[in-house]
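Chains A and B, in that order, are what the protein sequence lines are.
Numbered per numbering that gives the first Met the number 0, the first sequence spans residues 0 to 364.
Numbered per numbering that gives the first Met the number 0, the second sequence spans residues 0 to 323.
Treat the hints as calculated values from the structure; they're not laboratory data.
Glycine included, each C-beta is placed from N, C-alpha and C at the ideal position.
Where hints are given, some of them may not hold.
Label pairs and their calculated CB-CB ranges [unchecked claim]:
1) A:Ala162 <-> B:Leu117: 37 to 45 Å
2) B:Leu129 <-> A:His201: 40 to 48 Å
3) B:Arg132 <-> A:Ala162: 20 to 28 Å
4) B:Leu129 <-> A:Gly38: 30 to 38 Å
5) B:Lys217 <-> A:Gly124: 25 to 33 Å
6) A:Ala334 <-> B:Arg40: 55 to 63 Å
7) B:Ile162 <-> A:Gly105: 56 to 64 Å
8) A:Ala162 <-> B:Ala59: 49 to 57 Å
9) A:Leu167 <-> B:Ala233: 34 to 42 Å
10) B:Ile162 <-> A:Pro87: 45 to 53 Å
11) A:Pro87 <-> B:Gly182: 50 to 58 Å
12) A:Gly124 <-> B:Arg40: 35 to 43 Å
A few chain B residues facing chain A, derived, Cβ under 10 Å [as the list claims (entries may be wrong)]:
13) Asp219
14) Leu222
15) Asp228
16) Leu229
17) Gln235
18) Arg239
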Amino acid sequence: MALLEIRNVTRRFGDFAAVDDVSLAIEAGEFFTLLGPSGCGKTTLLRMIAGFDLPDGGAIVLDGKDLAGDPPERRPVRTVFQSYALFPHMTVAGNVAFPLKMAKVGGAETDRQVWAALEGVQLAGKADRYPHELSGGQKQRVAIARALVTKPRVLLLDEPLAALDAKLREQLQLELINLQKDVGITFVYVTHDQTEALALSHRIAVMNHGRVEQLDEPSRIYGFPRTRFVADFIGHCNLFDGVVAASAPSGGGSLVDLDVAGLGRIRTLTQASVPAGSKGSVAVRPEKVRISSSVTQGADDNHCAGHIRDFLYMGDVTMYVVEATGGQRVEALLANSEAGRTKFFEAGDAVEAAWRFDAGHFIPG
Amino acid sequence: MRWKPRGGSMPGTSSPAEGAGVSASGARHPSWQARDRGTGRWLVSGPPLAYLLVFFAIPALIMVVASFTPPGEYGGLAPLFEDGKANLTLEAYERLAGDPIYWEVFAKSVVYAGITTLCCLVLAYPLAMLVARSPRKYRDLLMLLVILPFWSNFLIRVYAWMIILGPQSALSRAVNAVVEPLGFEPVSLLFSSFAVLVGLVYVHLPFMVLPLYANLEKHDPALLDAAQDLGANAWQRFWRVTFPLSLPGVWAGAALVFIPALGIFAIPDILGGTEDTLIGNLIKQQFLETRDWPFGSVLSIVLTAIALALAGLAAWVSRPRRTA
Ligand SMILES: Nc1ncnc2c1ncn2[C@@H]1O[C@H](COP(=O)(O)OP(=O)(O)OP(=O)(O)O)[C@@H](O)[C@H]1O
Ligand SMILES: [Mg+2]
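The following block holds chain B by itself, in its conformation from the complex:
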């Protein structure tokens, strides 16, 4: 018999001791807790806030000041105060505004970063989906493999591409074996925009895979069953359910790829040709070679402004809307 008697006690006869216990603990409202919660929060979030202040906000401020300062005689910056008055100028900004070549470099950098982001998205999406839908016990291992390249040095990985794309590499030879008989000039894979893009995509790919995976892994598989049950084929299930639900992951990945790719200089330096100067290279030049710190600061500030503007645009495009 399924029914299990739980003793012969009638309801509504709970002991007085029980009732007293409830009201006693209810009355003791710990007011000290409310007071201390604020302090505790500051203790926990204080150090990271201080860290950000010291190593992000203050340097950013210094850069803004530097952008309005004349260059020093031997590079660097001129003194901020001279003859008792502030030594400020708009020279660096005027120089940037007056020369379209810089804007072309900015534009080229945005295009490169954009192509990189798109390529990373197209490559990372199926990969992230594969991992997210493989048996749970393999997922961690597969993700470990995705981030495995991080365990070796960044420059070494980029130099490896020099070998892979170099004129003597199997890849170069194979390409030219196809191209030359067709009557084209032999192509050089290395020191080209192609090489730069390959390097950019390669280096940034894991930054796209990780947020995408984190998003896709949380999708309820019942939603796909439901979509299929309601008549959606595999293609419709992807475009109407999986992809829209993954958009937060797509935007996060895009930001993690686009912003670093926008300012990178090492990859164009190593893999690019002479015309593959990106804004990162230009900024690096101003600080390390021509030692024109004010102009370098201006370029950096404009770069940050562009990144922020594009992020704002993306946030606006992807804002939540009430659509059917």
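Chain A extracted, bound-state conformation:
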């Protein structure tokens, strides 16, 4: 049985459903992420798990027990707030000791556990500092130590790294992964940053408009987005809309030929069977698209001719926008380190773009 179950939870503000019939089962020891754009209801869902808000419908069940009657202070759940919410009038040690004092843990035991918790986030040397004497990253670590010191069943983290700069964020991401592995506590992590979600999580629930669009492992979320929204939200993705011309069963799924305006006929794969004449899109990640000045077409390739319209140099990679002869735009991401790479394309260069049929993925609708 799952540790934390969200069963058909709905939360309305007036007519507007901020969380709309969400069901999730989060396993013990899992690093679970709620990912979605601003306003999709992530914080609202998290606050209901913590107990600061109550669902209008559905139930939140921890260890088989409905939490509806428990106020936040009685739930074995801790939150790391985006603003850290450290008590400014207490030292680092005082902050970490706070939940232990509330739980009426004895003095010597409190000291021992505070020290261990601070040790766990490499802050033992800062025990006597006040929050205003710490850097952003250190504050974040104190907030995490404070939330973990009483060994909660679930740790909720609401965009804990959003206020930090990119370098520090990366470092803390690694620390979070290791910390979660060490303590073995279930993390429910909220973010709108897809790379962060992909890097940290065991599983990701992609949310939009209060609903879960897709719940999967990071590699499947990235590789096989189930809806247009997920494909578009997670990383960059080419989405070619068209009408199914033909569909043939192949392996577990089907081979689909799609007529795409401005691009021609595109072949792709799908898990389900798709009737001819139905509408849908092909999702192709830009890094799966090759471009070159000469034709390098293989038998399994989708292929189009066009010219470079724009490009964006990003150091390790360059993103090219190819405008096909028919007018459709195709994004291609090329690693600048690629072996044999001798030439950067310039805007206006005539190129050929190609990708294997199994690099794409069919999204109905």
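Starting from the structure of chain A, add chain B with the ligands where the hints point.
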């Protein structure tokens, strides 16, 4: 597609004109600004400083001098120089030191001011908290209501209490209707220490509410969420988070109530009985009735010294400390 190309310009090719612009503005360090800043500061803070000097420091000095001067023949002060030498005496100080009755009045005033401060704190805290936690759009209106009494005259408000506490008032009658059947003497609410304290608390309450509100309103609500999340119940959230964080507001309010309450004379005059003479009344008497200015000055100076000493004590008690 989310990715928006921003044109095909490669990095590291910023135009030379841009680079030149940066260094040019960096080199032009305006030295005249540094020179003029001092002058500007004096122009701005000069008038208030002069005001304080003329209307606070100089009168205080005059009082110190007056306290060492013998009283004049017809009240006021004797001339400072007589027969070519300074005419100074410690008489007034000796009189104060020699008579415990004055110290009792000082002590009583400190006690009254202290009780007033405590009552104001207990009454103002929930009020300030209520306002600070009500929806933002109502807060200004609610604070306006708190200071609304200031719009009417101070004496009128105190006289209103004479009516409320007077023997014919509904309140007096109600109290006596309870007290008399129990076999007690009928009580007089007016002209009593009770009336004085009621008046003192009433008049000073807004001075406690304002700094408390200003402090509480700035508290980050996330801290209370965090405390609750970490297992603190409502009581613990108040005593471990809200109250310690509000201490600067508490001290500010206490000072704003205690110090004026210590020297006030109008309220004991109007609402108090014969035994409710406070130090403010005594000082007023020395200046206006007995016209013993030197002794009045001594009492004032000692009053100021007591207030300063207590403020220093409060500052020491509330000094920042490194505690867990
Ligand atoms: N107390 C409230 N009253 C009315 N509407 C609310 C309330 N709280 C949240 N909402 C609305 O519910 C929606 C979801 O809010 P929520 O804070 O959960 O978003 P989020 O996914 O956390 O977004 P972000 O990434 O910006 O933090 C938003 O449209 C928000 O305006
Ligand atoms: Mg949020």
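Against the structure, the hints:
no.: 1; hint: A:Ala162 <-> B:Leu117: 37 to 45 Å; verdict: holds (42 Å)
no.: 2; hint: B:Leu129 <-> A:His201: 40 to 48 Å; verdict: holds (46 Å)
no.: 3; hint: B:Arg132 <-> A:Ala162: 20 to 28 Å; verdict: holds (26 Å)
no.: 4; hint: B:Leu129 <-> A:Gly38: 30 to 38 Å; verdict: holds (31 Å)
no.: 5; hint: B:Lys217 <-> A:Gly124: 25 to 33 Å; verdict: holds (31 Å)
no.: 6; hint: A:Ala334 <-> B:Arg40: 55 to 63 Å; verdict: holds (59 Å)
no.: 7; hint: B:Ile162 <-> A:Gly105: 56 to 64 Å; verdict: holds (59 Å)
no.: 8; hint: A:Ala162 <-> B:Ala59: 49 to 57 Å; verdict: holds (51 Å)
no.: 9; hint: A:Leu167 <-> B:Ala233: 34 to 42 Å; verdict: holds (36 Å)
no.: 10; hint: B:Ile162 <-> A:Pro87: 45 to 53 Å; verdict: holds (48 Å)
no.: 11; hint: A:Pro87 <-> B:Gly182: 50 to 58 Å; verdict: holds (57 Å)
no.: 12; hint: A:Gly124 <-> B:Arg40: 35 to 43 Å; verdict: holds (41 Å)
no.: 13; hint: Asp219; verdict: holds (7 Å)
no.: 14; hint: Leu222; verdict: holds (5 Å)
no.: 15; hint: Asp228; verdict: holds (5 Å)
no.: 16; hint: Leu229; verdict: holds (4 Å)
no.: 17; hint: Gln235; verdict: holds (6 Å)
no.: 18; hint: Arg239; verdict: holds (7 Å)
Going through the hint list in order, the structure satisfies each hint without exception.
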